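466 is the number that the numbering used here gives to position 466 of the sequence shown; each next residue is one higher, with no gaps.
Bear in mind the hints are in silico, worked out from the structure with no lab data behind them.
The model shown is predicted, which means the values in this text are computed figures rather than measured ones.
Among the clues, some could well be false.
What the hints assert, rightly or not - Simulated restraints on C-beta separations:
#: 1; residue 1: G429; residue 2: R389; range: 34 to 42 Å
#: 2; residue 1: A382; residue 2: G339; range: 21 to 29 Å
#: 3; residue 1: A456; residue 2: D260; range: 19 to 27 Å
#: 4; residue 1: G237; residue 2: G339; range: 56 to 64 Å
#: 5; residue 1: A617; residue 2: D260; range: 46 to 54 Å
Every residue gets a Cβ at the ideal spot worked out from N, C-alpha and C, and that includes glycine.
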Amino acid sequence: MEPSATADAADAAALRAAVGTGAVAVVTAAPRVVHAALDGVAGVGWTHCPPDTDAPPLWPLTRLLPAAGVPGSGFAGAVALAEALAAAHRTVVVEDVQHASAETLAVLRHLGRTAASAGVLLVVTYDGAGGRHPAPLAETLRVLAGVRGAVPLGPVARIGALLASAGAEVLAGRPRAAAALCVEAADLATACDRADLLAEAALVLPGAGDPDVVARLVLLCDRALTRFPPGAPAAGGAAVLRARLLARRAGLRAEGDQGDPADGVAALAAAEAGGDPGALLDAARARMWHLDRAGDTDERLRLADLTVATALRCGQLRPAVRGELWRIDVRYQQQDLRGVDDGITRLHDLADAARAPVAAWHARRADAARAALAGRFTAARAASAEAHRIAGTLGDDLAMVVTDVFAGLLALVRGDPRELRDGWEERLGAYPGLPIAVAAAALAWHQAGHRDEALARYERLRHLLREPPRGVRWLGVLQHLTELALLLQDAEAAAWALPLWRPWAGSGGFPGNADSFCGGAADRTIGRLAALLGRHEEAVAALERAVRGNTRLDARPWLVHTWLDLATLRSAGGAGTGGLAGRAAAEARRLDMPGAVRAAAALLDDPLTAREREIAALVAAALSNRDIAARLVVSERTVETHVRHILAKLGLPNRTALTAFLLSGSR
Numbered sequence: 001m002e003p004s005a006t007a008d009a010a011d012a013a014a015l016r017a018a019v020g021t022g023a024v025a026v027v028t029a030a031p032r033v034v035h036a037a038l039d040g041v042a043g044v045g046w047t048h049c050p051p052d053t054d055a056p057p058l059w060p061l062t063r064l065l066p067a068a069g070v071p072g073s074g075f076a077g078a079v080a081l082a083e084a085l086a087a088a089h090r091t092v093v094v095e096d097v098q099h100a101s102a103e104t105l106a107v108l109r110h111l112g113r114t115a116a117s118a119g120v121l122l123v124v125t126y127d128g129a130g131g132r133h134p135a136p137l138a139e140t141l142r143v144l145a146g147v148r149g150a151v152p153l154g155p156v157a158r159i160g161a162l163l164a165s166a167g168a169e170v171l172a173g174r175p176r177a178a179a180a181l182c183v184e185a186a187d188l189a190t191a192c193d194r195a196d197l198l199a200e201a202a203l204v205l206p207g208a209g210d211p212d213v214v215a216r217l218v219l220l221c222d223r224a225l226t227r228f229p230p231g232a233p234a235a236g237g238a239a240v241l242r243a244r245l246l247a248r249r250a251g252l253r254a255e256g257d258q259g260d261p262a263d264g265v266a267a268l269a270a271a272e273a274g275g276d277p278g279a280l281l282d283a284a285r286a287r288m289w290h291l292d293r294a295g296d297t298d299e300r301l302r303l304a305d306l307t308v309a310t311a312l313r314c315g316q317l318r319p320a321v322r323g324e325l326w327r328i329d330v331r332y333q334q335q336d337l338r339g340v341d342d343g344i345t346r347l348h349d350l351a352d353a354a355r356a357p358v359a360a361w362h363a364r365r366a367d368a369a370r371a372a373l374a375g376r377f378t379a380a381r382a383a384s385a386e387a388h389r390i391a392g393t394l395g396d397d398l399a400m401v402v403t404d405v406f407a408g409l410l411a412l413v414r415g416d417p418r419e420l421r422d423g424w425e426e427r428l429g430a431y432p433g434l435p436i437a438v439a440a441a442a443l444a445w446h447q448a449g450h451r452d453e454a455l456a457r458y459e460r461l462r463h464l465l466r467e468p469p470r471g472v473r474w475l476g477v478l479q480h481l482t483e484l485a486l487l488l489q490d491a492e493a494a495a496w497a498l499p500l501w502r503p504w505a506g507s508g509g510f511p512g513n514a515d516s517f518c519g520g521a522a523d524r525t526i527g528r529l530a531a532l533l534g535r536h537e538e539a540v541a542a543l544e545r546a547v548r549g550n551t552r553l554d555a556r557p558w559l560v561h562t563w564l565d566l567a568t569l570r571s572a573g574g575a576g577t578g579g580l581a582g583r584a585a586a587e588a589r590r591l592d593m594p595g596a597v598r599a600a601a602a603l604l605d606d607p608l609t610a611r612e613r614e615i616a617a618l619v620a621a622a623l624s625n626r627d628i629a630a631r632l633v634v635s636e637r638t639v640e641t642h643v644r645h646i647l648a649k650l651g652l653p654n655r656t657a658l659t660a661f662l663l664s665g666s667r
């Protein structure tokens, strides 16, 4: 007899022996075991959960009772129904619980907890293909696996139950819980010398936002790959498993910022040659993590299309959601607003079909980003709040921190620190090893008016502008650090950043902006950096391109800021603002951007910026450029640039004339 048949026979015997003893069993890998054990056994109530969502919520269970025995609804009804089932049957078998309604799952949890005392055997089968209600399903499998009186099935069946629970936890958006179950399953698979099940344990989670979870998953892949060395016989699908493991590991390493771009290239080539859908999805993801250059647009779009098509072909909707987000990223970069909006519509369709909280979270984050770009701030806050609520149901702390990052950027674009959420300091400060969290915290501290706190965090990261890492994840850090360099007037860091931004000229967004925050036309940042460095012609040209780009994107808030940047630059050159400050003021009032309203009013009333007025006062106090630089914690070159701008705006020839002008009370 084959080992698998022997294991099935042993599990069937264990199930049959459990009849009448009060026990619970979750069967996944071989539902046929249930039929072998219980067909013909008296007192079995046998039912199944249909995929048809039109069926009454409790139909699979109420059909096991006479009409008069069907209790009411709610919690009391669920308890009563569980008790009625226990009274009517010695054994209750519920097949295909992945299709169960939330109400049915609640009854099964209660029946599982009371099975031992009621003397009932509860058997549920699950095919691991997802569920109508991922979070309640994961909770149900977790409860049933942990109750007293579990049927002592063999290790293979136990591994199947663990991996089924892990898969349900993935769909419910709980990667930490899923990873722990996978490690337990991998240990069992190793103990019973099942390389195939060890590989399956390593392949349950496609990724996780949590660095600790990613590290555990990489280790699982490493363990499994020792059983599938290169050149080993390809019997039993070993070659396919090896390709999947290599692709998964490449993607996880890239997600953890430890991968080599060559690994992604090699994994993608192998996956495309082999044609396995799972390997192809993982390899595309691994490759995408490294496509962080402005010129990678065509390849990113190709991989996005490949991912969506492959995922839909094999019924994996969560990777399809990821692929659609990649498409939206490209459309933002191309300043294709129609493409962005069409993509968000498709994203919602996919997320709804996936019935996975994580997919819904991405869709709502995309809504928030799109609304903020258009200046629909009320809608942006509402979408962000809904995404935060979903993250809370998942228990995903990092996903909840994204809400604080988003709020900090809203505070920046509106110029209103009241956008910052209560407790942001603690939440953003909880991840000192995560650059994006540190950079977001620095920006939030600056928005809150605490320059020293912002500077302390910024200085921990500013070297990254000189020595930039690779990977898409870095681009979000780049945007935050560049904004900080500009706010803090760090000319040295601006000189490092400008070459990193120039390739993105003409872009309307970076990879990763689709479900985070789109900063509008990249040319605006190029222009601001050039202006800080005294490169007037480059700055004007870039800002004029940014006006056109933000107009195409309908990025009204960023258009306001770009008008103000241009007006400031023209004023610094001694020219009039050409009505730009007035236009900016009117639009800022319409959009409710108090910071921009103040900036426009100051520009209309006084050509000097707040920092320029501060430096002018120090010049009048007879401080040298070096002394001013030391006091303001900026470079001497930055001070020299500011002094030139001040003299040009006021039409004065030198520092002596500036001092006399200020001391005379003319300003």
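Practice item. Hint says 34 to 42 Å; check whether the CB-CB distance for G429 and R389 agrees. Key: The hint (34 to 42 Å, Cβ to Cβ) is violated, given that G429 and R389 are roughly 23 Å apart.
**Study point:** Cβ distance range 19 to 27 Å for A456 and D260, holds or violated
**Key:** Given about 33 Å between the Cβ atoms, the range is violated.
**Study point:** Cβ distance range 21 to 29 Å for A382 and G339, holds or violated
**Key:** Hint holds: Cβ distance 24 Å, inside 21 to 29 Å.
**Study point:** Outcome of range test on Cβ distance (A617, D260; 46 to 54 Å)
**Key:** holds, 53 Å
Check your understanding: Is it true that the C-beta distance of G237 to G339 lies inside 56 to 64 Å, as the hint says?
Key -> violated, 39 Å
When each numbered hint is compared with the structure, violations occur for hints 1, 3 and 4.
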